[in-house]
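So the sequence lines, in the order shown, correspond to chains R and H.
With the first letter of the first sequence counted as 1, position 210 gets the number 213 in my numbering; the numbers rise by one all the way through.
With the first letter of the second sequence counted as 1, position 122 gets the number 125 in my numbering; the numbers rise by one all the way through.
Bear in mind the hints are in silico, worked out from the structure with no lab data behind them.
Fair warning: there could be bad hints in the mix.
For chains that are exact copies, the list does not tell them apart, and a pair is met inside one copy or across any two.
[Unchecked claim] With a straight-line Cα cutoff of 25 Å, these simulated SDA-like cross-link-like pairs (lysine to any residue) come out: (1) K309 x P238; (2) K76 x K213; (3) K42 x S70; (4) K320 x M21; (5) K287 x E84; (6) K150 x E89; (7) K182 x V82; (8) K254 x S88; (9) K264 x Q113; (10) K25 x Q138; (11) K106 x A265; (12) K157 x S132; (13) K161 x E28; (14) K25 x E141; (15) K76 x E24; (16) K167 x A122; (17) K25 x W137; (18) K167 x M315; (19) K277 x E267; (20) K157 x Y34; (21) K234 x E28; (22) K254 x E28; (23) K150 x S23.
Computed from a predicted structure; not experimentally measured.
2 protein chains.
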Amino acid sequence: MNFFDNVGVMAIGTRLRMLSEKMSEDAARIYEMYEVDLKPKWFPVFYVLSQSKEKSITAIANEIGHSHPSVSKIVREMVREGILSEKKDTADGRKNNVILTTKGKKIADQILEQYRDVAHAVQAMLDQSRHNMWQAIEEFEFLLEQKSLLERVKEEKKQREAEKVQIVSFDPKYQAFFKRINEEWINAYFVMEETDRTSLENPKEYILDKGGDILVAVYEGEPVGVCALIKMDDPEYDYELAKMAVSPKAKGKGIGWLLGKAIEDRARVLGAKKIYLESNTILKPAINLYQKLGFKKVIGHTTPYKRCNIQMELELKP
Amino acid sequence: MNFFDNVGVMAIGTRLRMLSEKMSEDAARIYEMYEVDLKPKWFPVFYVLSQSKEKSITAIANEIGHSHPSVSKIVREMVREGILSEKKDTADGRKNNVILTTKGKKIADQILEQYRDVAHAVQAMLDQSRHNMWQAIEEFEFLLEQKSLLERVKEEKKQREAEKVQIVSFDPKYQAFFKRINEEWINAYFVMEETDRTSLENPKEYILDKGGDILVAVYEGEPVGVCALIKMDDPEYDYELAKMAVSPKAKGKGIGWLLGKAIEDRARVLGAKKIYLESNTILKPAINLYQKLGFKKVIGHTTPYKRCNIQMELELKP
DNA sequence: TATATTTACGTAACCAGTTACGTAATTATT
DNA sequence: AATAATTACGTAACTGGTTACGTAAATATA
């Protein structure tokens, strides 16, 4: 079965399951060999009860990392075999406290030698390995706790896709996209204003010819995002970042960030010291992005747009 | 959940299963993220078919290490989704050849990026670990192939129990045991002969007083095996190993070997150069043991016992 | 004190695998 | 050519877990 050699780490989950199955198979026969009347699947429940007096179903479930119905079923089976006994908690009528019977305690004694032998055998295997599996599992679990596999893969995807995104200068062929993509988000949250219409319909006249710039994010040949840098007539600010929009189907590729960074570079080339923007706090992902780009909130500026309730600036270090 | 810290490597199987479950959980959402219409459990089947043209159910099962009913079920599901198509083998009417449909092939193209991202993410995790889990699994599987966990545990058990076995000199209190345990195996396979009766009933007179010896294996205070060294009146041999018997309930603890080794030492102390024995080839485990102890078959000796059809000797190096 | 929320736990249904078994086709043997 | 053994595969039942959901008890809140 050289399947795993070919498919590689992609199937690490499957491989783990198969290894665990192979080991559990032997487990049943090991119990038999020691004449211990315990099903392997009972072991975790049995173990925690052998270490403590009585425990409720959920307490056991939490300790061994099973769901409570699973523990419930296992306990029922073990009660039927006379290994455990149940009794309602006197203080809390919901709780079903479980405890080892005399028979159960006898098994706990018998099983001690089995523990020792199995632990020795497994330990010997681990010691013979160059890569210690027990510690490997521990580390792997730790890493998964820090960041799930899903998140890790998501990041890989984003990074790979970001590499396929190109930021290019505006070209008349992007005019329709530039207009549509901005109208979309404005109409979704607000209403179009006159200022929007003029600049979206005549970007050359109202943005480029005035010394501003427009950048377009292109993914697989298609425009997926835009951002404008508009020349301002202000003593404090040179340029305004505006008309930033990313196509919904291209979200999650880090395009906003790439556009923002490219606009920042462009402004720097144009000799700007500070850039300005206006937005609305209901656009949470946008505000978030601006913050990640380094923009800080400022107050005391007037705006021609009704929809804006927040102003931000970014100081450009050369 | 510090359960595993307490119970240790005993629960390595359970721990593997849980880790694999945690990973499979994310798998479903990863497929979703890539908009690939594939259930994670379909992946192994899908993968082998994407690498080859058509394959029969059992061929797939063998390759991915599943049972054939499992593959059969998965294939049915995938056919229902239009990912695979089946057609009877023309040469062999029993075979059900499965192949990717056009839709399936399209998925195979889509999934390539997912492979890459997942492989990268997992590889990054492995690279961050001091103990590489992928290689650890590989090594562990290799070790299990060499010798199963069951066998390893069996050996541990045997060794531990052998340590609890003591070999002591004969004492009249073992007389009843000496007689009974030998009668048992003789009656099971043969019939008691006059020579048996006299030596079993009067070991002092017929064995010890003539310069021989009897050793008893004691386990947890109980006699569980015996072996006699009988002085011979022969130009070639000094002593005969005889009346070796181990209690059935104490089998598998290596008691025969311990007795044999102890008898060998005893013979050496008594100045023997060679020891002799007679047995019957139907007693396979016994012959096996004698061989392991170093006895070699010899021919040309007469025996007072009807049941014996093989003679062996062991040369004692000082 | 009445009501809403949370907690403990059991039952039911599901899931992804298995083993057991039956049937039909093929291959080997007499 | 007839018969036996093997192989391919499907169905059914089982296994060891899960999630979903309902009920009853306990606790928090108005």
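Intra- versus inter-subunit Cα pairing at 25 Å for K25 with E141: Both, since 20 Å and 13 Å are each at most 25 Å.
Same-copy or cross-copy closeness of K106 to A265 [CA-CA at most 25 Å]: neither (74 Å within a copy, 39 Å between copies)
Intra- versus inter-subunit Cα pairing at 25 Å for K254 with E28: Cα proximity of K254 and E28: across copies only (24 Å, versus 47 Å in one copy).
Intra- versus inter-copy proximity for W137 and K25 (alpha-carbon distance at most 25 Å): both (16 Å within a copy, 17 Å between copies)
Within, between, both or neither: K167, A122 at alpha-carbon 25 Å: between (51 Å within a copy, 19 Å between copies)
Alpha-carbon proximity between K161 and E28, which holds within one copy, between copies, both or neither at 25 Å: Answer is between: at 21 Å across copies they meet the 25 Å cutoff, but 41 Å inside does not.
Homo-oligomer pair classification [Q113, K264; C-alpha up to 25 Å]: neither (68 Å within a copy, 30 Å between copies)
Within, between, both or neither, where K167 and M315 count as close if Cα-Cα is 25 Å or less: neither (30 Å within a copy, 81 Å between copies)
Intra- versus inter-subunit Cα pairing at 25 Å for K254 with S88: neither (56 Å within a copy, 35 Å between copies)
Alpha-carbon proximity between K287 and E84, which holds within one copy, between copies, both or neither at 25 Å: Neither, since 59 Å and 39 Å both go past 25 Å.
Intra- versus inter-copy proximity for P238 and K309 (alpha-carbon distance at most 25 Å): Answer is within; shortest intra-copy Cα gap is 23 Å, inter-copy 123 Å.
25 Å Cα threshold - placement of M21 relative to K320: neither (56 Å within a copy, 50 Å between copies)
In this structure, the hints that do not hold are numbers 2, 4, 5, 6, 7, 8, 9, 11, 18 and 21, in rising order.
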